[in-house]
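Undergrad: This is what each chain is made of:
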Amino acid sequence: DTAVSQTPKYLVTQMGNDKSIKCEQNLGHDTMYWYKQDSKKFLKIMFSYNNKELIINETVPNRFSPKSPDKAHLNLHINSLELGDSAVYFCASSLVLGQGPNIEQFFGPGTRLTVL
Amino acid sequence: EDKVVQSPLSLVVHEGDTVTLNCSYEVTNFRSLLWYKQEKKAPTFLFMLTSSGIEKKSGRLSSILDKKELFSILNITATQTGDSAIYLCAVARGAQKLVFGQGTRLTINP
Chain X
312 DTAVSQTPKY LVTQMGNDKS IKCEQNLGHD TMYWYKQDSK KFLKIMFSYN
362 NKELIINETV PNRFSPKSPD KAHLNLHINS LELGDSAVYF CASSLVLGQG
412 PNIEQFFGPG TRLTVL
Chain C
160 EDKVVQSPLS LVVHEGDTVT LNCSYEVTNF RSLLWYKQEK KAPTFLFMLT
210 SSGIEKKSGR LSSILDKKEL FSILNITATQ TGDSAIYLCA VARGAQKLVF
260 GQGTRLTINP
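Protein chains in written order, with our numbering: chain X, 312 to 427; chain C, 160 to 269.
Be aware that a few hints might be false.
As the list claims (entries may be wrong) - Calculated pairs, BS3-like style, for lysine-lysine (alpha carbon to alpha carbon, straight line, at most 30 Å):
1) C/K196 x X/K351
2) X/K330 x C/K215
3) C/K256 x X/K378
4) X/K352 x C/K256
5) C/K200 x X/K333
6) X/K330 x C/K216
7) C/K256 x X/K330
As the list claims (entries may be wrong) - According to the in silico footprint, chain C covers these stretches of chain X (three or more CB under 8 Å from chain C):
8) 324-338
9) 375-383
10) 387-394
These aren't lab readings, by the way, just hints derived from the structure by calculation. The beta-carbon is built from N, C-alpha and C at its ideal position, and this holds for glycine as well.
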């Protein structure tokens, strides 16, 4: 069984379109994340949700909007796609334990987004 | 600004060699340092280090953290072609935030 899954795996679209990427985890984790990995393989956090509440929101354009319908899902919606949005987007999850979070994060397989 | 710097950025060695990958950091509210291996797809977890001077080992891989000098090393002995990957260092700061380094691309030639 896949622990953290993302759909689609590949997404090719035109500039200006709106698209969504879905993420689901079956690990029972409380916290989920979205990362962007650029062409130089640099992973940068975009958002973090804990029990459906936004707790980290890095400097990301307003065109990116995360949505968490429940704690097992965190979707990423992108409006008015631009060429610079082309990257691999990774979803991840981690378990929060009491006062100290278990910060080992489990990553999904990634979604390669290409904007033409 | 939080910074995690890995070196070298790229390393090519022969099978059987031993390699050492470096990670230095400047991060506020440090909680722990993590190493990940990324092959074709998602990063997979290797180690989490929270205490200085205590080596963590898993087979041919080992890692140690120096919180005074703000760095960590990842050693791989008797390398195999299957060790070829990007190795990512990340530092956890505050509540659940990971700051990643740029990665070291390791290539093991037969």
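Undergrad: All the hints need checking, so say for each whether the structure fits it.
TA: Hints versus structure:
no.: 1; hint: C/K196 x X/K351; verdict: holds, 16 Å
no.: 2; hint: X/K330 x C/K215; verdict: violated, 42 Å
no.: 3; hint: C/K256 x X/K378; verdict: holds, 19 Å
no.: 4; hint: X/K352 x C/K256; verdict: holds, 18 Å
no.: 5; hint: C/K200 x X/K333; verdict: holds, 17 Å
no.: 6; hint: X/K330 x C/K216; verdict: violated, 43 Å
no.: 7; hint: C/K256 x X/K330; verdict: holds, 26 Å
no.: 8; hint: 324-338; verdict: violated (count 0)
no.: 9; hint: 375-383; verdict: violated (count 0)
no.: 10; hint: 387-394; verdict: violated (count 0)
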